[in-house]
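Protein chains in written order, with the numbering used here: chain B, 1 to 322; chain E, 1001 to 1468.
Don't take each hint at face value.
Computed footprint of chain B on chain E; a stretch qualifies when at least three of its residues, placed anywhere within it, have a C-beta under 8 Å from a C-beta of chain B [stated by the list, open to error]:
no.	region
1	1164 to 1173
2	1189 to 1203
3	1222 to 1230
4	1317 to 1324
Using C-beta positions, here's what the derived DEER-type ranges look like [stated by the list, open to error]:
no.	chain 1	residue 1	chain 2	residue 2	range
5	B	E156	E	W1221	42 to 50 Å
6	E	F1388	B	V127	29 to 37 Å
7	B	P26	E	F1388	28 to 36 Å
8	B	Q275	E	V1052	24 to 32 Å
9	B	D217	E	M1001	53 to 61 Å
10	E	L1049	B	G214	40 to 48 Å
11	E	V1374	B	D75	47 to 55 Å
12	B	E50	E	F1102	39 to 47 Å
13	E	G1431	B	G97	31 to 39 Å
Simulated from the structure, these hints should not be mistaken for laboratory data.
For glycine and all other residues, C-beta sits at the position ideal for the given N, C-alpha and C.
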Amino acid sequence: MRLIWTSLVTTAALLVGYAIALPWVPAAGRGAAETGHATNVTRLQRYIYERLDAPVVIVGTSLAARLPPELLPADAVNLSQSGGSALTGLRVIVRSGAAPKLVLIESNLLTHPFDRSSVDALFTPVVSQVRGWAPILREDNRPISAAVILTAISVEYGLGRLRYEGWLGGSGWSTSGEVRPASSPEDVFGAIFAQIEETYGQRPSDRELREMTGQLDEMVGTLLRRGCRVAFFEMPVHPSLISSPLLRANRETILAHFSDRGLPYLTPGSAGGLQTTDGAHLDSQAAAMVARALARVVGAMGIVTQPFPGGGAGVPIPETAG
Amino acid sequence: MLFNSYPFLGLVILTMVAYYLPPLRDWQRHTLIVASFVFYAANQPWLLLLLVCSIAVNVVTSHFVYHGSPPRRTTYAALGVGLNLAVLAFFKYSPLFGKSFFSGTGSVGEFLVSIPLPIGISFFTFQGITLLVDTLRVQEERAEFALPHGFFGRHAVNTTLFIAFFPQLVAGPIVKAHDFVPQIVPKFFRDIDWDACFRALVTGYFLKMVVADNLKDHTFWIARQSFKIAPGTDLLVMLFGYSIQIFADFAGYSLIAIGCASLFGYRLPQNFNFPYISRSFSEFWRRWHISLSSFLREYLYFPLGGNRRGGVRTYVNLMVVMLLGGFWHGAAWSYMVWGGCHGVALAVERFCGRYVTLPDLPLVNALRMLGVFVFVTAAWLLFKLPDFSQAVDFARAVEANMGLPPDLQRCFFIAAYSVPVILWHLHHLWGKPVLARVPGLAAVAYGFMLFLIVTNSGAPGAFVYFQF
Chain B
1 MRLIWTSLVT TAALLVGYAI ALPWVPAAGR GAAETGHATN VTRLQRYIYE RLDAPVVIVG
61 TSLAARLPPE LLPADAVNLS QSGGSALTGL RVIVRSGAAP KLVLIESNLL THPFDRSSVD
121 ALFTPVVSQV RGWAPILRED NRPISAAVIL TAISVEYGLG RLRYEGWLGG SGWSTSGEVR
181 PASSPEDVFG AIFAQIEETY GQRPSDRELR EMTGQLDEMV GTLLRRGCRV AFFEMPVHPS
241 LISSPLLRAN RETILAHFSD RGLPYLTPGS AGGLQTTDGA HLDSQAAAMV ARALARVVGA
301 MGIVTQPFPG GGAGVPIPET AG
Chain E
1001 MLFNSYPFLG LVILTMVAYY LPPLRDWQRH TLIVASFVFY AANQPWLLLL LVCSIAVNVV
1061 TSHFVYHGSP PRRTTYAALG VGLNLAVLAF FKYSPLFGKS FFSGTGSVGE FLVSIPLPIG
1121 ISFFTFQGIT LLVDTLRVQE ERAEFALPHG FFGRHAVNTT LFIAFFPQLV AGPIVKAHDF
1181 VPQIVPKFFR DIDWDACFRA LVTGYFLKMV VADNLKDHTF WIARQSFKIA PGTDLLVMLF
1241 GYSIQIFADF AGYSLIAIGC ASLFGYRLPQ NFNFPYISRS FSEFWRRWHI SLSSFLREYL
1301 YFPLGGNRRG GVRTYVNLMV VMLLGGFWHG AAWSYMVWGG CHGVALAVER FCGRYVTLPD
1361 LPLVNALRML GVFVFVTAAW LLFKLPDFSQ AVDFARAVEA NMGLPPDLQR CFFIAAYSVP
1421 VILWHLHHLW GKPVLARVPG LAAVAYGFML FLIVTNSGAP GAFVYFQF
């Protein structure tokens, strides 16, 4: 038993030591999530521990996750989950007891199941409270992540200097013009686009649509009872996907189901062309345009937030091209 | 129910309380059986029916093997083994046969493809086989250990516990009847070896939650389309990381199972013994997934004649065992190819070993270890990419993309999470266990692992071997 007690004391000492040292960890190493999942969890944890009073909350998938935060209203929170479901963020808002002024729900892939394990982990009794007052237990303060990110930054900086000073003679790991990947990026993204077209080409089953509306009913109903406003929005995608069976089924089901409650449904308009990286995800420039448009929509809905980057009347979300 | 989940923690604590309560001591086996059924039914309750049916088949057939008339015992045993294999074949391989031999769109093909894979079926059917074979051997060889026969009810309870015991139900270690059944006796709280349980559980959870769960979020790109344009260095580092991940995942699971079983007074066999320091392929298979290797050796290789029927037959036996061992891992032809690769490696090694004896020098040994590790790691590609053509594309991409600049951050993360496994192997390799010699150092090491479990666990994921 001595081994056990000594180990537990060591663990406690390390936790206390890390808690004391954390404020001195360079900013570049803190808050940097190392994977997509870590980014998702970090977003959710920051929301429930630090920004529960945010007046505007966006929930979505990897499509809306690309919206640059600096172009959204300053006090808006984006809970979109890369590789996940909009229902995950929605579930978190409901379980946290928050009552934002406006909840924007990305409707593209609403039939994706929500990440039950992440949501449960976020609200595990006791653990959740402990995480609330002990930031060292949060996703964005993982010690190995911080150490590795800082090391990688240092090495990249060092390599950059060596290259700059000529020690690596311009070679090293820099790309020479002769390197040709096994497949061209166009081929790979073409293959990914084909997969996406296949996914969007499949209409969700009636059971999936029923489950989706059932969950939305429950969660949207709860939010409306709390006094929140709720709106659905479609992230722009490649023109060939706009009328795909998947998007059409989602759109028609939501419109049919929620139209009697007067919930706005924002669809991409025709204000200009946008580029995607793979047919579904916007490139950074296009994501910035959509973020600005969403900010204006929020303003047009009369939701008072911190200063808008754009301002003015609501502008339809532009459509994509290519 | 995952080992790394709060419901599992709750189940273990509740079961322990009931298990060790003096008034319930006579019901210890029943307590464990109930806990095991709850554990198994947590995600897919209806699959519990299959487990119960499998247990019933083994209870009845092993009873007849033990009590049946001598000429019929072998028939009963063969019937039981056949039923176990039939259940395994139906649930595990039907989708593969549906895809391979039917169009997949017809009613038969669709039916076969839609059959679900019950979790742990590969493990509990093998345990049923060990029960039947061991029972037959007890009767035929008059072996000393006694299976709990006689009173049918007691036999049924013991057999149910043997097959369904929750720490090893879904992913092993595969326990043999002659190792486990004699352990079914009343257990006492005071007999728990707490230090051993603690070591196994902390190391197991560390390997799973800190090493494997974090590595999986960096290595999953191997199976994405975009690997074709990823830098060659990244691809090699990711493959290396996957090799460490699959070890940490399965060794971690096995250690948790061993530690958890110890809490209830049962010893499960060691499943991993530092496999990545192996100097030969035969040594690797004595160190990797030991319970499966020893099962295949004892219940397949030896009955086939092992190495006692001449050179050619030995090689044939080796190939048969490795091909079937590979096929056991998954319902895809690539798993059989994977087994075949290891079979060929074992055969070549055996053949060369007759003519060449390598000197026992540190440098030679290090090169041998490196060679085995590189081969084993390359072969894991068939685990990650069951579509054979993708594995070939991967190899091409490594070669073609080698000049692209690597993603340092990704490489560093994989290296950082691999360090504990490498150190663990090296610590064992040096033969001078520092942790045992420096007082208090072991406690600090376990304390540090606990610290990382608390602060740096990855996203919980199912164990890799659950799919088998």
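Checklist entry - Looking back at the hints listed earlier, which ones does the structure fail to meet? => result Per hint list: 1, 4, 5, 6, 7, 8, 9, 10, 12 and 13 violated.
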